[in-house]
Amino acid sequence: MTGNADDKILLAVTGWDPEIWRSEFAKAASGRKLVLDADTDKENIRYALVWKQRQGSLAGLPNLEVIFSLGAGVDHVFHDLQIPDVPIVRIVSPDLTMRMSEYVVWQVLDHQRLGQRYRQQQRQKVWHEDRRQPAAHEVTVGILGLGVLGRDAAQKLRMLGFRVSGWSRRLQTIEGVTTHFGKDGLKDFLKDVDIVVCLLPLTPDTKGILSMTMFAQMKAEGPLGAPTLINAGRGGLQNEPDILSALDRGMLSVVTLDVFNKEPLPKDSPLWTHPQVMVTPHAAASSSPQALVPEIIAQIESYERGEPLKNIVDRAAQY
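Heads up, the numbering used here is the position in the sequence shown plus 259, with the first residue counted as 1.
Take these hints with a grain of salt, some might be off.
[Said to hold, decoys possible] Here are the simulated lysine-lysine pairs, DSBU-like style, with alpha carbons at most 35 angstroms apart:
#, residue 1, residue 2
1, 267, 286
2, 466, 446
3, 478, 384
[What the hints assert, rightly or not] Have a look at the derived ranges for each label pair, beta carbon to beta carbon:
#, residue 1, residue 2, range
4, 344, 394, 46 to 54 angstroms
5, 419, 292, 40 to 48 angstroms
6, 344, 480, 48 to 56 angstroms
Calculated directly from the structure, the hints in this document are not laboratory data.
Cβ atoms here follow ideal geometry from the backbone N, Cα and C, with glycine treated the same way.
Take the sequences, apply the hints, and build the full model.
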């Protein structure tokens with residue numbers, strides 16, 4: 260299986276400057292032309308790069324062979340009800356993985372070292388050292404989702420001395436990490452964690468999982484007080500009114516949210532001003548064209564040599 264000079268790659272994105280991608284493909288000098296409009300040459304489009312593509316933008320491409328998702332998740336792909344029946348590939352980039360692990364480690368350390376409390380004291384001009392700060396080995400960090408991003412974050416946290424546990428839909432094994440799986444395993448996972456990091460994909464099964472039902476299964480008190488929540492997965496995973504209610508009722512102590520049900524986060528959202536909430540603007544692990552374009556080209560070239568595609572999405576599970 261080899262390419263030819265007429266083969267084209269369709270870029271179907273919204274909310275992203277397409278010229279950045281076109282520029283990076285030109286720099287790569289792969290000889291492949293990136294087009295923004297499928298109508299210009301439907302017959303010769305063999306690959307599509309997508310991020311929140313418009314409905315039907317991939318329909319009617321008779322020779323389309325592979326769809327590449329430009330984000331860590333693929334839920335945005337399935338919003339299009341006219342997705343062709345071809346393989347969908349997640350781009351796994353060391354750059355994106357490292358960026359997510361940096362974000363997770365940053366937020367875990369911030370919560371462990373009482374960052375939110377000290378920022379409030381600074382605003383109030385209060386000088387008070389809390390001598391009850393627990394050491395890393397006294398704190399259990401639980402990671403929801405043990406894919407590429409979750410596994411790497413778990414390993415980084417272990418290196419810092421944290422106790423780490425993880426939960427996934429299927430059984431996973433990670434050295435030094437206590438793992439749980441399935442519905443029954445989720446209960447055991449929740450009862451021991453002090454900081455919950457959510458890196459789950461958004462699927463019909465995980466939608467709204469960060470809710471009062473989950474918070475009620477978490478332990479009431481640990482070395483940091485009530486448990487802490489960090490969501491850097493997808494906004495659709497969280498029930499935002501339930502998060503606010505859990506904070507106000509003392510079921511959660513502090514929350515960091517990088518993703519939201521509606522983005523940008525509306526200015527009237529109470530999450531902006533809640534003293535126990537840290538908001539970041541979906542910035543945990545941005546996809547970098549400079550880092551991803553070489554990965555995409557490498558995948559296409561290996562595919563055209565007859566090698567199997569990597570990181571193919573399970574359409575039934577939607578990740």
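We went through each hint and held it up to the structure:
1. 267 - 286: 16 angstroms, holds
2. 466 - 446: 18 angstroms, holds
3. 478 - 384: Measuring from Cα to Cα gives roughly 33 angstroms; hence the hint holds.
4. 344 - 394: 46 to 54 angstroms: At roughly 53 angstroms between Cβ atoms, residue 394 and residue 344 fall inside 46 to 54 angstroms, so the hint holds.
5. 419 - 292: 40 to 48 angstroms: 46 angstroms, holds
6. 344 - 480: 48 to 56 angstroms: 51 angstroms, holds
Consistency with the previously given hints is maintained throughout, with no hint failing.
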